[in-house]
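Each chain is listed here by its residues.
Protein chains: 2
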Amino acid sequence: MKKLINDANTVVQEMLEGMVAAHPHRLKLIQNTTVLVRADAPVKGKVGLVSGGGSGHEPSHAGYVGVGMLDAAVSGEVFTSPTPDQVFEAIKAVDSGSGVLLIIKNYTGDVMNFEMAAELAEAEGINVAKVIVNDDVAVENSTYTTGRRGIAGTVLVHKIAGAAAERGASLEEVEAIANKVINNVRSMGMALTPCTIPAVGKPGFSLGENEIEIGMGIHGEPGIEKTSIQTANSIAETLLTKVLDDLNIKQNDKVAILINGLGATPLMELYILNKKVASILDEQHVEIYDTFVGEFMTALEMAGCSISVLKLDQQLMELLDSHADTLAFKR
Amino acid sequence: MKKLINDANTVVQEMLEGMVAAHPHRLKLIQNTTVLVRADAPVKGKVGLVSGGGSGHEPSHAGYVGVGMLDAAVSGEVFTSPTPDQVFEAIKAVDSGSGVLLIIKNYTGDVMNFEMAAELAEAEGINVAKVIVNDDVAVENSTYTTGRRGIAGTVLVHKIAGAAAERGASLEEVEAIANKVINNVRSMGMALTPCTIPAVGKPGFSLGENEIEIGMGIHGEPGIEKTSIQTANSIAETLLTKVLDDLNIKQNDKVAILINGLGATPLMELYILNKKVASILDEQHVEIYDTFVGEFMTALEMAGCSISVLKLDQQLMELLDSHADTLAFKR
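Chains as they are written, first to last, in the UniProt record's numbering: chain D, 1 to 331; chain C, 1 to 331.
Honestly, the hints are just simulated from the structure, not real lab data.
Glycine is no exception: its CB is placed at the ideal position from the N, C-alpha and C atoms.
Hints may contain errors.
With a cut-off of at most 35 Å between alpha-carbon atoms, the simulated DSBU-like pairs for lysine-lysine come out as follows [claimed, not checked]: (1) D:Lys2 to C:Lys202; (2) D:Lys202 to C:Lys28; (3) C:Lys226 to D:Lys2; (4) D:Lys202 to C:Lys2; (5) C:Lys226 to C:Lys44; (6) D:Lys2 to C:Lys330; (7) D:Lys250 to D:Lys130; (8) C:Lys130 to D:Lys330.
Every beta carbon over 10 Å from chain C, so not counted as near; a handful from chain D, in silico [to be verified]: (9) Gly18; (10) Met19; (11) Lys28; (12) Ile30; (13) Ser55; (14) Pro59; (15) Gly63; (16) Ile126; (17) Ser170; (18) Thr193; (19) Thr231; (20) Gly263; (21) Glu269; (22) Ser279; (23) Ala303; (24) Asp313.
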């Protein structure tokens with residue numbers, strides 16, 4: 001295992017300290033926790049947004065902490081849910097009396113621990129709501145999940161719910177907007193290579209010299225099938241078709257597209273994929289309102305990608321466009 | 001070779017088309033060229049900034065085309081200089097009568113072809129100035145270079161010269177500012193793994209299971225030494241010390257830091273590096289004015305990093321902070 005680390009057991013803490021050292025005007029690390037909050041948290045009169053999960057998906061989620069998106073990101077160990085007490089610390093740090101929304105990716109451990117934290121917070125009189133993102137259409141149930149997994153579409157939930165909160169929407173309203181995004185966003189991914197959890201020291205699975213996996217999750221959970229390497233066009237078509245079908249996208253619908261790299265895939269390749277995605281949507285007379293290409297939800301140094309589609313209406317377009325100023329997403 | 005591509009011979013053109021499909025309000029592709037320009041180019045009354053080089057370093061340079069940075073990026077084939085006629089097309093597309101500055105990374109082919117383009121443009125009455133970025137302190141002369149190589153520090157030249165141009169500075173003034181940045185920025189990198197040029201189909205060099213190369217260039221050119229894998233702290237110290245010494249950084253100096261990933265290195269690792277970089281500078285009583293962490297100048301899917309330091313004065317700080325709105329750099 002060749003990694004730029006010091007000690008496999010301290011990667012998360014060192015990363016968080018490196019983030020605060022780099023961006024002291026944006027981020028605060030709550031002492032003795034793995035919770036990064038907006039430097040101006042809690043923001044008076046604003047619903048607080050908390051997300052998080054296992055580390056290793058950077059820039060998710062700390063990269064989305066800031067104006068117009070999240071108030072706090074909680075980091076578990078690599079690919080491991082944060083503990084309830086850490087999430088509880090995040091909730092306390094961002095509640096300004098207007099309540100807190102938890103945005104949870106659908107993994108069993110995350111859901112359980114965020115829910116326990118919500119109970120702890122409610123016992124202290126904090127209003128907490130939660131939404132569960134399950135955008136991955138590849139598989140029902142998986143290694144760490146009952147139901148569908150939450151993957152890169154989560155970033156669009158952060159963006160749009162964050163915009164609503166920034167505009168002063170109530171907890172109930174922000175929760176409703178977040179659920180509206182969740183109901184309208186679908187994603188699917190694939191992997192070319194595995195990744196290595198530092199503390200494990202060897203790849204979590206293996207793929208042959210010419211083998212890829214369609215539908216693979218962001219922790220290396222099994223997808224739909226292993227197959228031989230295909231063209232970018234063929235992969236774009238496979239992923240996009242399943243996403244569009246599931247969303248029931250029709251002619252003249254407006255969509256936002258998110259082409260996400262899993263860690264080791266060059267931007268060049270993501271843009272090649274996007275060329276095909278755009279051309280398929282054009283053929284189907286679907287209107288692309290906006291496209292985001294880059295690394296939004298990674299799996300350490302896994303090579304691969306995911307494609308997310310968000311079906312838009314006027315309200316979602318406005319919130320998608322409104323100001324956001326975070327490390328990994330600016331508008 | 002597992003890559004998300006269709007045809008190794010068309011990767012650059014497909015990438016460029018994918019970029020325009022994703023960002024039609026930002027970028028225009030000049031027909032029958034590999035030149036991407038600002039959607040509003042040429043910008044009246046403003047000096048035009050043109051950069052570029054071989055592809056494979058994305059988001060360099062197209063990711064920096066936009067308000068406050070570049071007016072055009074010219075893409076050669078992967079790791080291959082763009083031809084003079086392509087650069088000439090870029091110059092013509094962005095000149096509004098105020099002249100054009102070429103920002104060239106110091107590789108023999110780039111320098112030669114950009115200079116030939118400048119001559120073609122001057123013959124047509126366009127004022128052209130050029131600056132050559134040679135921030136890499138690792139080695140003097142290398143596979144493709146006489147003198148020092150130009151690497152990630154180039155992005156800070158784009159940013160600061162771009163800010164000056166956006167404010168209405170003359171060609172002579174923008175050239176002087178660019179040279180001031182070049183004189184005050186130094187970088188050094190290292191690699192953990194090689195990368196594969198699509199049309200070649202196999203890695204350009206090899207590193208052993210536990211081997212890294214210090215000082216390696218962004219095309220896999222040789223560095224200072226191959227060594228066994230070290231801690232992130234040790235690597236940070238090696239790279240930073242050489243950079244600081246070369247810049248003659250002293251107590252109370254103000255600097256901007258750019259921690260650059262070469263393609264496959266997780267953000268987690270870059271932030272771990274930054275923790276050490278910040279702590280070394282703190283010990284030396286050097287003031288970190290700002291820090292940028294991410295992928296700015298990549299080498300396809302190479303794993304590794306570079307560290308750049310820019311010594312700042314009041315003028316450079318103001319220009320660094322001024323508004324920029326590009327895909328890969330926003331202020």
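Here's how the hints hold up against the structure:
1. With a C-alpha separation of about 20 Å, the suggested pairing of D:Lys2 with C:Lys202 holds against the 35 Å cut-off.
2. Proximity of D:Lys202 to C:Lys28 is assessed by CA-CA distance (about 44 Å); at most 35 Å being required, the pair is judged violated.
3. Only pairs whose Cα atoms come within 35 Å are accepted, and C:Lys226 paired with D:Lys2 is accepted, the gap being roughly 14 Å.
4. Our distance criterion of 35 Å between C-alpha atoms is met by D:Lys202 and C:Lys2, whose separation comes to about 20 Å.
5. Taking the CA atoms of C:Lys226 and C:Lys44, the gap is about 50 Å. The hint is violated against a cut of 35 Å.
6. With a C-alpha separation of about 32 Å, the suggested pair D:Lys2 and C:Lys330 falls inside the 35 Å cut-off, and the hint holds.
7. Distance hint between D:Lys250 and D:Lys130 is fulfilled; the C-alpha atoms sit about 30 Å from each other, no more than 35 Å.
8. At roughly 32 Å between alpha-carbon atoms, C:Lys130 and D:Lys330 fall within 35 Å of each other, so this suggested pair holds.
9. For D:Gly18, the shortest C-beta to C-beta distance to chain C comes to about 3 Å, within the 10 Å cut-off, and the non-interface label is violated.
10. Chain C draws D:Met19 into its interface by the beta-carbon criterion, the shortest separation being 5 Å against a cut-off of 10 Å.
11. Residue placement check: D:Lys28 keeps its beta carbon more than 10 Å from all beta carbons of chain C (closest about 15 Å).
12. D:Ile30, annotated as away from the interface, keeps every beta carbon of chain C farther than 10 Å; the closest lies near 17 Å.
13. With a minimum CB-CB distance of about 7 Å to chain C, D:Ser55 fails to clear the 10 Å threshold, and the non-interface call is violated.
14. The claim that D:Pro59 lies off the interface is violated: its Cβ sits roughly 6 Å from the closest Cβ of chain C, which falls inside the 10 Å cut-off.
15. Its closest Cβ contact with chain C, about 8 Å, brings D:Gly63 to no more than 10 Å, contrary to its assignment away from the interface.
16. D:Ile126, annotated as away from the interface, keeps every beta carbon of chain C farther than 10 Å; the closest lies near 30 Å.
17. Once the 10 Å rule is applied to beta carbons, D:Ser170 is consistent with being away from chain C; the minimum gap is 30 Å.
18. Once the 10 Å rule is applied to beta carbons, D:Thr193 is inconsistent with being away from chain C; the minimum gap is 7 Å.
19. With a least CB separation of 5 Å from chain C, D:Thr231 falls inside the 10 Å interface cut-off, contrary to its annotation.
20. For D:Gly263, the condition that its CB be more than 10 Å from all CB atoms of chain C is violated, with the nearest at approximately 6 Å.
21. Not every C-beta of chain C lies more than 10 Å from that of D:Glu269, the closest at about 4 Å, which undercuts listing it as non-interface.
22. Residue placement check: D:Ser279 does not keep its beta carbon more than 10 Å from all beta carbons of chain C (closest about 8 Å).
23. With a minimum CB-CB distance of about 7 Å to chain C, D:Ala303 fails to clear the 10 Å threshold, and the non-interface call is violated.
24. Once the 10 Å rule is applied to beta carbons, D:Asp313 is consistent with being away from chain C; the minimum gap is 21 Å.
In this structure, the hints that do not hold are numbers 2, 5, 9, 10, 13, 14, 15, 18, 19, 20, 21, 22, 23, in rising order.
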